[in-house]
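Colleague: For reference, the chains in residue letters:
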Amino acid sequence: MPSDIKLRAKIRRYDPSVDAEPHYETYEVAGKDNWRVLDVIRSVYEHQAGDLAYQFACRAGRCGTCAVKVNGVPVLACQERCKPEMRIEPLTPFPVLRDLVVDRTEVEARYEKHALTPQRATEYAGGPEAIEPKLAEELCHMDSCLACMVCVSGCPAVAERAFDGPAFMLKLRHMAKHPVDTGNRLEQAIDAGMLECFGCDLCTQLCPADLSPAQAIREFRREMIFGGSAKHE
Amino acid sequence: MSKTALPRNTTRQAEAMLYGEAARKLHRVSGAVIILFVLVHVIVQAVRHAPIFATANAAAPWLQALQEQNWVHAILFFCIAFHTFYGLKLLAGELGFRLHYKTAFWAVVIVSALIGLREVLRYAGI
Numbered sequence: 001m002p003s004d005i006k007l008r009a010k011i012r013r014y015d016p017s018v019d020a021e022p023h024y025e026t027y028e029v030a031g032k033d034n035w036r037v038l039d040v041i042r043s044v045y046e047h048q049a050g051d052l053a054y055q056f057a058c059r060a061g062r063c064g065t066c067a068v069k070v071n072g073v074p075v076l077a078c079q080e081r082c083k084p085e086m087r088i089e090p091l092t093p094f095p096v097l098r099d100l101v102v103d104r105t106e107v108e109a110r111y112e113k114h115a116l117t118p119q120r121a122t123e124y125a126g127g128p129e130a131i132e133p134k135l136a137e138e139l140c141h142m143d144s145c146l147a148c149m150v151c152v153s154g155c156p157a158v159a160e161r162a163f164d165g166p167a168f169m170l171k172l173r174h175m176a177k178h179p180v181d182t183g184n185r186l187e188q189a190i191d192a193g194m195l196e197c198f199g200c201d202l203c204t205q206l207c208p209a210d211l212s213p214a215q216a217i218r219e220f221r222r223e224m225i226f227g228g229s230a231k232h233e
Numbered sequence: 234m235s236k237t238a239l240p241r242n243t244t245r246q247a248e249a250m251l252y253g254e255a256a257r258k259l260h261r262v263s264g265a266v267i268i269l270f271v272l273v274h275v276i277v278q279a280v281r282h283a284p285i286f287a288t289a290n291a292a293a294p295w296l297q298a299l300q301e302q303n304w305v306h307a308i309l310f311f312c313i314a315f316h317t318f319y320g321l322k323l324l325a326g327e328l329g330f331r332l333h334y335k336t337a338f339w340a341v342v343i344v345s346a347l348i349g350l351r352e353v354l355r356y357a358g359i
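If you're matching them up, the sequences are chains A and B in order.
For the first sequence, the residue numbers in this note's numbering are 1 to 233.
For the second sequence, the residue numbers in this note's numbering are 234 to 359.
Taking lysine-lysine and the DSS-like style, the derived pairs with C-alpha atoms no more than 30 Å apart in a straight line are:
{"hint": "1", "chain 1": "B", "residue 1": "Lys322", "chain 2": "B", "residue 2": "Lys258"}
{"hint": "2", "chain 1": "A", "residue 1": "Lys10", "chain 2": "B", "residue 2": "Lys258"}
{"hint": "3", "chain 1": "A", "residue 1": "Lys83", "chain 2": "A", "residue 2": "Lys32"}
{"hint": "4", "chain 1": "B", "residue 1": "Lys335", "chain 2": "A", "residue 2": "Lys83"}
{"hint": "5", "chain 1": "A", "residue 1": "Lys134", "chain 2": "B", "residue 2": "Lys322"}
What follows is a set of in silico ranges between Cβ atoms, one per label pair, in the way DEER data are often shown:
{"hint": "6", "chain 1": "A", "residue 1": "His47", "chain 2": "B", "residue 2": "Val271", "range": "53 to 63 Å"}
{"hint": "7", "chain 1": "B", "residue 1": "Gln302", "chain 2": "A", "residue 2": "Lys6", "range": "44 to 54 Å"}
{"hint": "8", "chain 1": "A", "residue 1": "Ile225", "chain 2": "B", "residue 2": "Leu296", "range": "41 to 51 Å"}
{"hint": "9", "chain 1": "A", "residue 1": "Leu195", "chain 2": "B", "residue 2": "Val271", "range": "26 to 36 Å"}
Hints were generated in silico from the structure; no laboratory data involved.
The structure displayed is predicted, hence computed values, not measured ones.
Even for Gly, the Cβ is constructed at its ideal location relative to N, Cα and C.
Whole structure, please, built from the sequences with the hints as guidance.
Modeller: Right under this line is the structure:
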């Protein structure tokens, strides 16, 4: 049985139309110990701060909409269990629209720039195209990226260097492995700063979809060193 | 990345140790310690052995004692081992060897700590 607990949530508030600088407000919440961070945020919104901006959709860890930083670590708010003391902030390094909501314009622009759909050499002939079951399974798994930007927010290389981020590398690798894609994904990855990655695997640890963008980067680097193509792996 | 998996249990992610963060910082600190040691070592050896620095050497009798401290050796050997093994781990990953980040981190830390500990034991005559 979940037991009652008192929670203290320190939430970063910022409304660019009103505030000159972001500030933190602390809220005391009476909750249950099995609450998720999102439950706490919703409670604050419903009972204490009706003007708090935040976003969520599925509440099941499948959409990636509710990603925030809790005590400095990027997480999905709907999955992360609440803590007695929490500092809740919007994802970095994205511009903040208001409170916990970040502007994803740059993210969407990068996805568009990388043309992350298979670039065919010839017109689609119609009908199903044969694909190795093992490869199909792998592609399907790589396609389960939520685009939540948790990995990008946690990545130290993104913070320090000109690097688009692990999520984009994963999607580029996904396309590189796709049998009908003819785009030069390795070159795209290099242009997007793949070589700046520290190989620390923080993205692997943080990814809510159990993916490994770091492994995708390592595979790209291996391809760069030894040549060959992702299509034949 | 070969299995299809539902999102894993991420309920305590903010409480977990961030292995990549720890490894990256330790790698940088250990690299800085090695560079610092080499610089200090060159200067100290010059002071201790070059006739031109004889006066400075006489004024700093603790230099000899400092370089015989077991903890100095332990830290230095840990840093050299960690920096080397973690660097090799990164290289191995890029050459195609798949190493789990958590296992690799602890393996490198434990091996490096044992190498550092060996210095302490050596000074203790064990």
